[in-house]
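Student: Listed below, chain by chain, are the residues.
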Amino acid sequence: MALLFDSFKEWHQYCEEQKQPLFEPVLTYEIEQKGRNREQIWEGMQKAYQVMKDAVRTGLEEDMISRSGMVNNGAKKVYKAKTVLSPEFQKLVARALAAKEVNSCMGRIVAAPTAGASGILPGILTTIQEIHELPDQTILEGLLVAAGIALIIEQNASLAGAVGGCQAETGSAAAMGSGAVVYCLGGSIEEVFAAVAITIQCMLGLVCDPVAGLVEVPCIVRNASGAAIAYSSAQIALAGVNPVIPVDECVMALGEIGQSMESRYKETALGGLAATLTGQAISKKVLIQDIDILPDEEENRNL
Amino acid sequence: MSSRSSIFDMIGPVMIGPSSSHTAGVVRIARVARRILGQQPDEATITFYNSFARTYEGHGSDRAVVAGLLDFKTDDTRIKTAFDHAREANLVYSFKSVGNASTLHPNTVKLNLTAGGRKVEIVGESRGGGLINIAQVNGFRADFSAQLHTLIITAEDIKGSIAFIADVVAHDDCNIATMNVSRKGKHDLACQFIETDSGIRPLTLEYLRSLRWVNEVIYIPDIDL
Ligand code: SF4
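Chains as they are written, first to last, in the working numbering: chain A, 1 to 303; chain B, 304 to 528.
Isolated chain B (complex conformation) (with noise of 0.2 Å):
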């Protein structure tokens, strides 16, 4: 479909106040970094770079952060309260505040998230309007929206496996509309981040998860629903 705006966007979205940068887009990351752990972190350390770490605060961005990773919605009354409902959940937080990351977005979240012995770091822009940027995952350069579904694969560097997947992922009917491809060395580990137009099925998944080179196969759907 075209770029062109809906009409939800003029009147919409349905949101928590105070801004769409600031709450909407946080709480959307925060859903992101919580998919990507798979469960509900015991513990999140949560940095706030440049224009975010003057401004969280009184932006209530740091309830939106709480309250994505507790799974609300953008639009749920309980973002306000989300203090309260994280002790309820035994989510522990702490907040860090970094003024001058040259390099990072205005508006950059940093999320480090343990749940057990998992461990993962995202790092999210907040482009306004409510929309976001996943800019890394792991350490791995990301660059997806989470508007549309995304798929993350991480799996050894070899030959033909990125046209592997692609075709994979074609024969399921899915349109890819972005696709990523980030490595930390040669023939180390790559992560590709997948963007469809529409759902993958979960037999596609399994079949994925079953190769021997693949690593890791995290899918999110549509981050609103």
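One chain only, chain A, in its complex shape (with noise of 0.2 Å):
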């Protein structure tokens, strides 16, 4: 009987009794469950990270823009810009952005877990491998890994901004990317799941609320910290510190917060950042004003 990923504490228990690697198990869900073979699989794996290289290489190059005008090439203006930290974090940020803009302008990426929090894997992944120097394959088992982290979630909270606020969705990307960065440098499950919990602790509570309902901001700023966030976690969860709430349950205060959300905070663009003058502004210019407006008989016959 394969795993089922309903939780962080089997998959362990599992990999210490058949003496296999975080990402055995993954597979073999994937194939029981969908009936894929493992070639498929990873096939697909290979496929979605070219789509994160590329998504990065597009958002770094070509123009982005979007419809709104609310993103404007702002990935490349960090990577141009002087440098605050480290050239590495300028970068980190960098291709969290443009992956981001790429998506909120209309191009290709991947939905990892949603197209909202398309940025984040695909500026750790690529920035970890460059650092590392990691060949491909461990950067694929890293992303199995990371899909195994987001069924667990998604089976006892949620990935998506409308059902847990932003938390959900930005924060269960970033904590899929920690744990996927622990796994590839060699961190044992122990650190790979302390990596998870640590991210998880430091995104609680993020509400979704998109200026003018539109996944622009502050989502594309999100994708860098979420980033951010990932790494420092990472670091934190490599040196052996102790998250002390185990990784099942932050996922169960993610779910909890995510429940007590009101609804105006959950991608309705009725609260927070979408409320302010500003961004209540942006939405009467943005947003289409020429609506028709049935009569009341008319509104409940269908159409």
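Quick caveat, the hints were computed from the structure, so don't treat them as lab data. Treat the hints with care, as some may be off.
Some but not every residue of chain A turned toward chain B, in silico, with C-beta under 10 Å [said to hold, decoys possible]:
#1 I65
#2 R67
#3 M106
#4 A115
#5 H132
#6 V215
Note that CB positions come from ideal geometry on N, CA and C, so glycine has one too.
Relying on the hints, combine the two individually framed chains into one complex.
Tutor: Here it is as structure tokens:
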């Protein structure tokens, strides 16, 4: 019987008992649940990683201006600007922004786990590969580990901003990325899961409040901060620092907070940044105002 | 297979941004509509309802719907420039917005398509994550996801017709996942929407088409292929 990814605890036990690396039961899961074979899965992951790399490149090379005008080549500016911390950190931020800007400008991306968070894994993985000169195969294994992390979060909390707020979307992506980084650097199972736990602890409570309902502001900068938090968490976890609250309980907290979040903080664009004066003004400008409103009797007659 | 998510829903899908419900889902609805019409439309009137009515332009759903009518897939980079491709393909389109259709799903789009003399009307809902529900086809209640293989049969409402068709499909070794029958009135035309787990053979489709009481058979294999 294959592992069903209901909890990190079970995943941990399974790998210890079977003496398997973390990615192995993820492969088995997909084979048994979806009828794919190993070759198709590796190919699919390779394709996904290629699309991520392409998105980073596109965002750093091509013109990225969204229809609303809120996205205006931010990633390229960051790439060329004065270095604040280190060149690596600068590249990480620029790459996460780049892939996410491609998403906002109707380019091709991998929703990982969602389109709104599609800059986080590309930024994280291309950077860790470059710094540590990792082979693609290691990154693909890391992607499978990230998929396993997402399966558990989806099962016990949520991955969608509309259901659990931005903590569920960019928070989950960052947790996936952080776990993948620790895995790729040879961390133990405890350390991988500690990275996930710490990342979730850092992202808890984040609301989903996109200006004008568009996936641009604050989504794009949150892809950069999500990537940064994934790295700080990976650094803490790889040092063996105990997250104290076990990862499964962190996921429960994510779900609990998501449930109690008011709907105006769940992608409805009615609260937070979307409800600020400027947010509302932008919304007036970019949203369609010329809408037919049906008279009452017709409204309920279906169409 | 089970309803558990695929790892390719976690690392994927590969799609065109910005949002799975506003882009990928809309592309898929339009692709279904094109299949039901049976060809590329000459003219399309596209109505966005409720939440879609306000946001379709900012999210690029207008381009997504046109791209789907041109049969582009959800990860086709030409979606961004779909309007240019529509011009080349002589597809004429127009958009409408209706803000308060309270009985409809928040993200609903209606497509009225014509090609030659043929006209179809499809109402689709984008349910998030790129998943869709086709709610209506030509006024018939439909409710299918287009994720599997879909068979749409319009036939006279005669006794035993539903069981007969189910039997024919079963003989093709196809497992029926969902089946909906909708009719406009008693003994009027009935429309059957059948989703099957595996593909249906051309021979079986031919046989169904040859039946005297069957008006039309539309077959839509996996919409993403
Ligand atoms: S603010 Fe909302 S739409 Fe934007 S990235 Fe976060 S969850 Fe997604």
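Student: Each hint needs a verdict: does it hold in this structure or not?
Tutor: Hint by hint, here is what the structure shows:
no., hint, result
1, I65, "12 Å, violated"
2, R67, "6 Å, holds"
3, M106, "4 Å, holds"
4, A115, "5 Å, holds"
5, H132, "21 Å, violated"
6, V215, "5 Å, holds"
Against the hints set out earlier in the document, violations occur for numbers 1 and 5.
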